[in-house]
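A.B. asks: Here is what each chain is made of, one letter per residue.
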Amino acid sequence: KAGVTQTPRYLIKTRGQQVTLSCSPISGHRSVSWYQQTPGQGLQFLFEYFSETQRNKGNFPGRFSGRQFSNSRSEMNVSTLELGDSALYLCASSEIRGAETQYFGPGTRLLVL
Amino acid sequence: AQTVTQSQPEMSVQEAETVTLSCTYDTSESDYYLFWYKQPPSRQMILVIRQEAYKQQNATENRFSVNFQKAAKSFSLKISDSQLGDAAMYFCAYRSFIGTASKLTFGTGTRLQVTL
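For the record, the sequence lines run as chains B and L. Residue 4 is where the first sequence starts when you use my numbering, and the numbers rise one by one after that. Residue 230 is where the second sequence starts when you use my numbering, and the numbers rise one by one after that.
Calculated from the structure, these hints are not laboratory results. Be careful, since some hints might not be right.
The calculated lysine to any residue pairs, modelled on SDA-like cross-linking and capped at a C-alpha distance of 20 Å, are [said to hold, decoys possible]:
1) B:60 <-> L:299
2) L:302 <-> B:61
3) B:4 <-> L:275
4) L:302 <-> B:76
5) L:284 <-> B:102
6) L:332 <-> B:4
7) L:284 <-> B:104
8) L:307 <-> B:29
9) L:307 <-> B:59
10) B:60 <-> L:231
11) B:60 <-> L:275
12) L:332 <-> B:76
13) L:332 <-> B:45
14) L:332 <-> B:63
15) L:284 <-> L:300
16) L:332 <-> B:58
17) L:284 <-> B:103
18) B:60 <-> L:335
19) L:332 <-> B:103
20) L:332 <-> B:61
21) L:302 <-> B:65
22) L:332 <-> B:106
23) L:299 <-> B:103
24) L:332 <-> B:29
25) L:332 <-> B:104
26) L:332 <-> B:59
27) L:332 <-> B:78
28) L:332 <-> B:65
29) L:332 <-> B:56
30) B:60 <-> L:284
31) L:332 <-> B:64
32) L:299 <-> B:58
33) B:60 <-> L:232
Label-pair restraints from in silico Cβ distances [as the list claims (entries may be wrong)]:
34) B:103 <-> L:245: 27 to 35 Å
35) B:73 <-> L:313: 41 to 49 Å
36) B:72 <-> L:344: 44 to 52 Å
37) L:258 <-> B:104: 32 to 40 Å
38) L:259 <-> B:30: 33 to 41 Å
39) B:12 <-> L:231: 28 to 36 Å
40) B:70 <-> L:289: 36 to 44 Å
Predicted, not measured: the structure shown is a model, and the values here were computed from it. In this text, a Cβ means the ideal position worked out from N, Cα and C, and glycines have one as well.
My request is simple: use the sequences and hints to build the entire structure.
C.D. replies: Given below as structure tokens:
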């Protein structure tokens, strides 16, 4: 099976813009989680989607949102970008909620200028 | 809230030697999962090993094994016969067993250097 794919891999935006990142889970996986990785804050959980519904949300402002489609692909959106949003955004998928193991994608590196 | 602590920001090991990475965690739950993930320079997060808290036997995966001390809330990773390809950031992570949440709580990571 193909692994988790994320697009784009690299992105440069300016402050105030918005951005959409995409994640395609492993075929058959229905749960998708998103994480933000920065040098200062480390790896932080953003949110989890299952069956097109957000099931769990981390401590991030409302500028961070997401959705999941019927084919389990997920997108996350960040509006009104700030310099501090520069990070590696990782997506992880699992077959079901609470599955023993999540599999991570290669990440999207976002740079906000 | 659960927390995960990795007190060793950097470690170094010679090729073919053994190294142990430390991890402690804090939780009030009795059932949970613990993980070690490896993140090489490519940034792809790779699962190294998983431990279910209800299992007393320590997990092993080839050269990788854990020392799980539930009472002490300690979960260390031992890498035997270290190889150059083991050089990476290693993250310890916790996941609750309660309900069906998939949230992972990560430690700050340990950078492992492997020398010749």
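A.B. asks: Hints broken by the structure, by number, lowest first?
C.D. replies: 1, 2, 4, 6, 8, 9, 11, 21, 30, 32 and 37
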